[in-house]
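Enquirer: Just so it is clear: in the sequence shown, position 181 is 181 by our numbering, and no numbers are missing.
One thing to keep in mind: the hints can contain errors.
[Said to hold, decoys possible] Result set (DMTMM-like, lysine to aspartate or glutamate): computed pairs, CA atoms no more than 25 Å apart in a straight line: (1) Lys25 to Asp152; (2) Lys265 to Asp235; (3) Lys25 to Glu95; (4) Lys92 to Glu39; (5) Lys88 to Glu39; (6) Lys60 to Glu95; (7) Lys213 to Asp152; (8) Lys88 to Asp13; (9) Lys14 to Glu223; (10) Lys213 to Asp195; (11) Lys14 to Asp130; (12) Lys14 to Glu24; (13) Lys14 to Asp104; (14) Lys60 to Glu267; (15) Lys213 to Asp3; (16) Lys222 to Asp45; (17) Lys265 to Glu24; (18) Lys25 to Glu223; (19) Lys213 to Asp45; (20) Lys60 to Asp146; (21) Lys92 to Asp104; (22) Lys263 to Glu223; (23) Lys60 to Glu182; (24) Lys14 to Asp201; (25) Lys265 to Asp252; (26) Lys60 to Glu181; (27) Lys25 to Asp45; (28) Lys25 to Glu49; (29) Lys92 to Asp48; (30) Lys213 to Glu181; (31) Lys222 to Glu209; (32) Lys14 to Glu182; (33) Lys213 to Asp146; (34) Lys222 to Asp270; (35) Lys92 to Glu10.
[Unchecked claim] Derived DEER-like restraints, expressed as beta-carbon distance ranges: (36) Val82 to Ala194: 50 to 56 Å; (37) Ala246 to Phe173: 26 to 32 Å; (38) Lys25 to Asn85: 25 to 31 Å; (39) Pro80 to Glu209: 27 to 33 Å; (40) Glu87 to Ile38: 21 to 27 Å.
In short, the hints are calculated from the structure, not lab data.
Note that this is a predicted model, so its numbers are computed, not measured.
Every residue, glycine too, gets a C-beta built ideally from N, C-alpha and C.
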Amino acid sequence: MSDYQAFSVELADKIAHVLIDRPEKINAMNADFWTEIIEIFRWIDAMDEVRVVVLSGAGKHFSSGIDLMMLAQLGSQMGPDVGRNAEKLRRKILELQASFNAVDQCRKPVLAAIQGYCLGGAIDLIAACDMRYATLDAQFSIKEIDIGMAADVGTLQRLPRIIGDGMMRELAFTGRTIGGEEARSIGLVNRTFADASALLDGVMGIAREIAAKSPVAVRGTKEMIRYMRDHRVDDGLEYIATWNAAMLQSVDLRVAMAAHMSKQKPEFAD
Numbered sequence: 001m002s003d004y005q006a007f008s009v010e011l012a013d014k015i016a017h018v019l020i021d022r023p024e025k026i027n028a029m030n031a032d033f034w035t036e037i038i039e040i041f042r043w044i045d046a047m048d049e050v051r052v053v054v055l056s057g058a059g060k061h062f063s064s065g066i067d068l069m070m071l072a073q074l075g076s077q078m079g080p081d082v083g084r085n086a087e088k089l090r091r092k093i094l095e096l097q098a099s100f101n102a103v104d105q106c107r108k109p110v111l112a113a114i115q116g117y118c119l120g121g122a123i124d125l126i127a128a129c130d131m132r133y134a135t136l137d138a139q140f141s142i143k144e145i146d147i148g149m150a151a152d153v154g155t156l157q158r159l160p161r162i163i164g165d166g167m168m169r170e171l172a173f174t175g176r177t178i179g180g181e182e183a184r185s186i187g188l189v190n191r192t193f194a195d196a197s198a199l200l201d202g203v204m205g206i207a208r209e210i211a212a213k214s215p216v217a218v219r220g221t222k223e224m225i226r227y228m229r230d231h232r233v234d235d236g237l238e239y240i241a242t243w244n245a246a247m248l249q250s251v252d253l254r255v256a257m258a259a260h261m262s263k264q265k266p267e268f269a270d
């Protein structure tokens, strides 16, 4: 693992802990953040030893979203030609989208542990994760509407499938802040915890449980869930039939069945 400016990354017990590590800036997403997250998730995707990812933020807050200094710098690069400005902005937006696509497309399950602020771009980030968990005092807001823009790196595309279309529209149009318990009630987070310490302990426990499963089975399960977002049921059934025609030949199936019959804990290869 490399040294990062915006993150700290640790690998233990087959769990990669990816920590947004700019607490003095409320973990705002600066230029380093957007490039490093792609590098980190490429490494995670390629590293067979990693079976699960836990994504969290250092300090009191998960993240306050995109660094406004970065937006200001981008604005200063605009010239007099509207067409050229639009082309430059479009390329930049697509680059930022690629950062969270790397999280969404990761072969391993990604669990977000959220405390304090989760604002603006941080909502885009957690929407790209597989599961989300929060403290009761967490604060969520699709903040882009309050700075005069539409969210453009994934919230409006991914969140309707998580919390439903109507609730997503309410939060996106009003920018209102919701707490941890309301986030749980609308399905934005799976579970709430009393404080940051209990949150991380709880999420790591869930991650360890997933890491103990067959990595082949976990990989196939995530792939099928992702595929079904954009396809019909018939397409999904056809795909899983083809997928499992190969994957059911894995030794993991025999290991799991033998362990179940002998009431032993299975041990799977990476």
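Enquirer: Does each hint fit the structure? Answer for all of them.
Expert: Comparing the hints with the structure gives:
{"no.": "1", "hint": "Lys25 to Asp152", "verdict": "holds, 22 Å"}
{"no.": "2", "hint": "Lys265 to Asp235", "verdict": "violated, 35 Å"}
{"no.": "3", "hint": "Lys25 to Glu95", "verdict": "holds, 22 Å"}
{"no.": "4", "hint": "Lys92 to Glu39", "verdict": "holds, 18 Å"}
{"no.": "5", "hint": "Lys88 to Glu39", "verdict": "holds, 23 Å"}
{"no.": "6", "hint": "Lys60 to Glu95", "verdict": "violated, 29 Å"}
{"no.": "7", "hint": "Lys213 to Asp152", "verdict": "violated, 35 Å"}
{"no.": "8", "hint": "Lys88 to Asp13", "verdict": "violated, 43 Å"}
{"no.": "9", "hint": "Lys14 to Glu223", "verdict": "holds, 20 Å"}
{"no.": "10", "hint": "Lys213 to Asp195", "verdict": "violated, 28 Å"}
{"no.": "11", "hint": "Lys14 to Asp130", "verdict": "holds, 17 Å"}
{"no.": "12", "hint": "Lys14 to Glu24", "verdict": "violated, 29 Å"}
{"no.": "13", "hint": "Lys14 to Asp104", "verdict": "holds, 19 Å"}
{"no.": "14", "hint": "Lys60 to Glu267", "verdict": "violated, 37 Å"}
{"no.": "15", "hint": "Lys213 to Asp3", "verdict": "violated, 30 Å"}
{"no.": "16", "hint": "Lys222 to Asp45", "verdict": "holds, 13 Å"}
{"no.": "17", "hint": "Lys265 to Glu24", "verdict": "violated, 43 Å"}
{"no.": "18", "hint": "Lys25 to Glu223", "verdict": "violated, 35 Å"}
{"no.": "19", "hint": "Lys213 to Asp45", "verdict": "holds, 17 Å"}
{"no.": "20", "hint": "Lys60 to Asp146", "verdict": "holds, 23 Å"}
{"no.": "21", "hint": "Lys92 to Asp104", "verdict": "holds, 19 Å"}
{"no.": "22", "hint": "Lys263 to Glu223", "verdict": "violated, 29 Å"}
{"no.": "23", "hint": "Lys60 to Glu182", "verdict": "holds, 20 Å"}
{"no.": "24", "hint": "Lys14 to Asp201", "verdict": "holds, 16 Å"}
{"no.": "25", "hint": "Lys265 to Asp252", "verdict": "holds, 13 Å"}
{"no.": "26", "hint": "Lys60 to Glu181", "verdict": "holds, 18 Å"}
{"no.": "27", "hint": "Lys25 to Asp45", "verdict": "violated, 28 Å"}
{"no.": "28", "hint": "Lys25 to Glu49", "verdict": "violated, 32 Å"}
{"no.": "29", "hint": "Lys92 to Asp48", "verdict": "violated, 32 Å"}
{"no.": "30", "hint": "Lys213 to Glu181", "verdict": "violated, 30 Å"}
{"no.": "31", "hint": "Lys222 to Glu209", "verdict": "holds, 16 Å"}
{"no.": "32", "hint": "Lys14 to Glu182", "verdict": "violated, 32 Å"}
{"no.": "33", "hint": "Lys213 to Asp146", "verdict": "violated, 43 Å"}
{"no.": "34", "hint": "Lys222 to Asp270", "verdict": "holds, 17 Å"}
{"no.": "35", "hint": "Lys92 to Glu10", "verdict": "violated, 30 Å"}
{"no.": "36", "hint": "Val82 to Ala194: 50 to 56 Å", "verdict": "holds, 52 Å"}
{"no.": "37", "hint": "Ala246 to Phe173: 26 to 32 Å", "verdict": "violated, 46 Å"}
{"no.": "38", "hint": "Lys25 to Asn85: 25 to 31 Å", "verdict": "holds, 28 Å"}
{"no.": "39", "hint": "Pro80 to Glu209: 27 to 33 Å", "verdict": "violated, 57 Å"}
{"no.": "40", "hint": "Glu87 to Ile38: 21 to 27 Å", "verdict": "holds, 22 Å"}
Hints 2, 6, 7, 8, 10, 12, 14, 15, 17, 18, 22, 27, 28, 29, 30, 32, 33, 35, 37, 39, counting from the list given before, are not met by this structure.
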